[in-house]
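Visitor: Protein chains in written order, with the UniProt record's numbering: chain A, 1 to 344; chain B, 1 to 332.
Hint data in this document are derived by calculation from the structure and do not stem from the laboratory.
A quick note: this is a predicted structure, and the numbers were derived from the prediction, not measured.
Even for Gly, the Cβ is constructed at its ideal location relative to N, Cα and C.
One or more hints might be untrue.
One-sided and incomplete, this derived list gives chain B residues near chain A with beta-carbon spacing under 10 Å [what the hints assert, rightly or not]:
#, residue
1, V12
2, N198
3, V221
4, L258
Away from chain B, derived, C-beta distances all over 10 Å, residues of chain A [what the hints assert, rightly or not]:
#, residue
5, G36
6, E59
7, R138
8, I315
Letter by letter, the chains look like this.
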Amino acid sequence: MTTTRSEVDFEETARVPGAPLLEVDDLFVEFRTRDGVAKVLNGVSYRVEPGETLAVLGESGSGKSVTAQTIMGILDMPPGVITGGEIRFHGENLLKASSRRRREVRGSGIAMIFQDALSALNPVFTVGFQIEEQLRLRKGMSRKDARKRAIELLDQVKIPNSKGRVRQYPHEFSGGMRQRAMIAMSLALDPEMLIADEPTTALDVTVQAQIMDLLKDIQVERNMGLILITHDLGVVAEVADRIAVMYAGRIVEQSHARDLYRKPGHPYTQGLLDSLPRLDLKGTELRTIKGLPPSLLNIPQGCPFNPRCPRVQDICKTEVPPQHRLAPGRLSACHFAEELISGD
Amino acid sequence: MTDNIIEVRDLVKHFPVRVGVLFKRTVGYVRAVDGVSFDLKRGETLGVVGESGCGKSTLAQVLMRLEPATSGTATFEGRDILKMKGGELRKLRRDIQIVLQDPYTSLNPRMTVGDIIGEPFEIHPEVAPKGSRAKKVRELLDVVGLNPEHINRYPHQFSGGQRQRIGIARALALRPKVIVCDEPVSALDVSIQAQVMNLLGDLQTEFGLSYVFIAHDLSVVRHLSDRVAVMYLGKMVEVGTEEEIYEHPTHPYTQALLSAVPVPDPELRNQRQVIRLEGDVPSPVDPPSGCRFRTRCWKAQDICATAEPELVTRVANHPSACHFAEEKSIVP
Numbered sequence: 001m002t003t004t005r006s007e008v009d010f011e012e013t014a015r016v017p018g019a020p021l022l023e024v025d026d027l028f029v030e031f032r033t034r035d036g037v038a039k040v041l042n043g044v045s046y047r048v049e050p051g052e053t054l055a056v057l058g059e060s061g062s063g064k065s066v067t068a069q070t071i072m073g074i075l076d077m078p079p080g081v082i083t084g085g086e087i088r089f090h091g092e093n094l095l096k097a098s099s100r101r102r103r104e105v106r107g108s109g110i111a112m113i114f115q116d117a118l119s120a121l122n123p124v125f126t127v128g129f130q131i132e133e134q135l136r137l138r139k140g141m142s143r144k145d146a147r148k149r150a151i152e153l154l155d156q157v158k159i160p161n162s163k164g165r166v167r168q169y170p171h172e173f174s175g176g177m178r179q180r181a182m183i184a185m186s187l188a189l190d191p192e193m194l195i196a197d198e199p200t201t202a203l204d205v206t207v208q209a210q211i212m213d214l215l216k217d218i219q220v221e222r223n224m225g226l227i228l229i230t231h232d233l234g235v236v237a238e239v240a241d242r243i244a245v246m247y248a249g250r251i252v253e254q255s256h257a258r259d260l261y262r263k264p265g266h267p268y269t270q271g272l273l274d275s276l277p278r279l280d281l282k283g284t285e286l287r288t289i290k291g292l293p294p295s296l297l298n299i300p301q302g303c304p305f306n307p308r309c310p311r312v313q314d315i316c317k318t319e320v321p322p323q324h325r326l327a328p329g330r331l332s333a334c335h336f337a338e339e340l341i342s343g344d
Numbered sequence: 001m002t003d004n005i006i007e008v009r010d011l012v013k014h015f016p017v018r019v020g021v022l023f024k025r026t027v028g029y030v031r032a033v034d035g036v037s038f039d040l041k042r043g044e045t046l047g048v049v050g051e052s053g054c055g056k057s058t059l060a061q062v063l064m065r066l067e068p069a070t071s072g073t074a075t076f077e078g079r080d081i082l083k084m085k086g087g088e089l090r091k092l093r094r095d096i097q098i099v100l101q102d103p104y105t106s107l108n109p110r111m112t113v114g115d116i117i118g119e120p121f122e123i124h125p126e127v128a129p130k131g132s133r134a135k136k137v138r139e140l141l142d143v144v145g146l147n148p149e150h151i152n153r154y155p156h157q158f159s160g161g162q163r164q165r166i167g168i169a170r171a172l173a174l175r176p177k178v179i180v181c182d183e184p185v186s187a188l189d190v191s192i193q194a195q196v197m198n199l200l201g202d203l204q205t206e207f208g209l210s211y212v213f214i215a216h217d218l219s220v221v222r223h224l225s226d227r228v229a230v231m232y233l234g235k236m237v238e239v240g241t242e243e244e245i246y247e248h249p250t251h252p253y254t255q256a257l258l259s260a261v262p263v264p265d266p267e268l269r270n271q272r273q274v275i276r277l278e279g280d281v282p283s284p285v286d287p288p289s290g291c292r293f294r295t296r297c298w299k300a301q302d303i304c305a306t307a308e309p310e311l312v313t314r315v316a317n318h319p320s321a322c323h324f325a326e327e328k329s330i331v332p
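Working from the sequences, and respecting the hints, build out all of it.
Guide: Here it is, written out as structure tokens:
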């Protein structure tokens, strides 16, 4: 058994010193289906630094999960086709990297956890085996060492009785425990970056709070970059440093968390906040965003939000709004972003 | 007659747990609903909140007579729902309707929207004579905010929110008095969720409906409910008006539940008092003795393991099933 395989996990050569941890740059993805070409991502850009939490917020079909899948290199191709852009990890363009190199980055560079832990875990292997598998294959650990490490990882994610749990199968775990086990698995190769795709959506609210606390603790402890993909404006407000709001395959607003909630810089963000029932406010009528999100097979001309926008003008129907820089670290893709921020 | 349209007393629903292939033996019971009492007043919305497995959906099914109850009583306008048969039961089905959570599986993909919404009239022809059905269905589509022209489309041609509107139109077809909404907006995106919630509110005013509104999202429940019941492991632990539950909760579980809901305001981060519950909900097959919440409760004393707390008013003018009920402000 080779013991030096962990050494080759990172060929430092491709890294650019001083480059951001992860940078998505003008990414375009299409799904070529029988019904036509669905433009799923239309120029998505964001970056994440170590220790930072970026929340990617959006409704179903906005492209938030497809972006994550493209970063991880697990996008189904076909039907998916990457038609433009770069994904740089420490400055290295992953889209140009060999499949061997991508495998190296997956797990030890960037790891991912999913919404539905039961279908993400293999039902016929023990939880311990699934954690140990990566340690043995990628780090060349012996069975015994890997088992020891797996137990440590289960302890880290606060699974009680880890020595017994490591021998159990996923169905013997409760929903919250499964999500913890998946987090343990994602941490096995000490990633620098974690992508959490709706990690608490399937969980009850008291368990959701436990898991979010755990994720936050682990991130701080390891100084990891975290991309939190979610549709829940409440969860975002509690954990995010920065927020990117997606609509129809574009980022419509990017901002620090506080600024976004205090004064949204895009009518879509405004609409989302207005349509949220609040625990701390008893409202009468919720303000809603009229209409439906567009079909990605047929995205409206100009601003994709224009058919639903309360502030729509003629220019919105013809010209795609560029990203307006409203403040340092604050972008909005609305023709009237400045007015929105300064006005009323 | 009282103003209560539905009265439920000590309702119990146990599901047997059977093992064995040929000779099934009952080895225990899932105590899904275990002694629940409440009233639904005419024209009000009663919110029922709780986490998965607390029995809130089973409660809905028993009220709809989709599942027989194990014991207890439930009356609709003074008549016992659980003992109804034949014509009387058919009449009940006109008066109580249900809207289900998943708009993808609760509509038959092979039927047109017109057939789905019109089907109740086949079973209850007295409501709409044959000739007037198409007109009625178009009216219903209009009422729930769909285009009446789309009467011949199939469910897959609609989005999730539109399908939920179809489910609501079907529930409205027989002009019921009560609609049981079982997680009606949980599967929808935020912007669509708000549209459907507003629709439910408008329909209540327009048709004088009473709702039993079941959901796990406490913000959604607060928005629509007049009164709220909190369930835990088959029991109701606290019942009160919307304001009593959200502003003056007295049961530790209600307090923990409220404290766990993320508030969409980053300014309040780290400023709120947070109660974190340890562990998971115990199995309803073998619930803890005494108070069912005691295994996760930070206030638990010896008495909690031996004596089951009654759902009675101890403090704050509304009933709470805790020996040590105490008012605490949680929501900022």
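Visitor: Now look at each hint and say whether the structure bears it out.
Guide: Cross-check of the supplied hints:
{"no.": "1", "hint": "V12", "result": "violated (24 Å)"}
{"no.": "2", "hint": "N198", "result": "holds (6 Å)"}
{"no.": "3", "hint": "V221", "result": "holds (9 Å)"}
{"no.": "4", "hint": "L258", "result": "holds (7 Å)"}
{"no.": "5", "hint": "G36", "result": "holds (16 Å)"}
{"no.": "6", "hint": "E59", "result": "violated (4 Å)"}
{"no.": "7", "hint": "R138", "result": "holds (32 Å)"}
{"no.": "8", "hint": "I315", "result": "holds (24 Å)"}
Consistency with the previously given hints fails for numbers 1, 6, ordered from lowest to highest.
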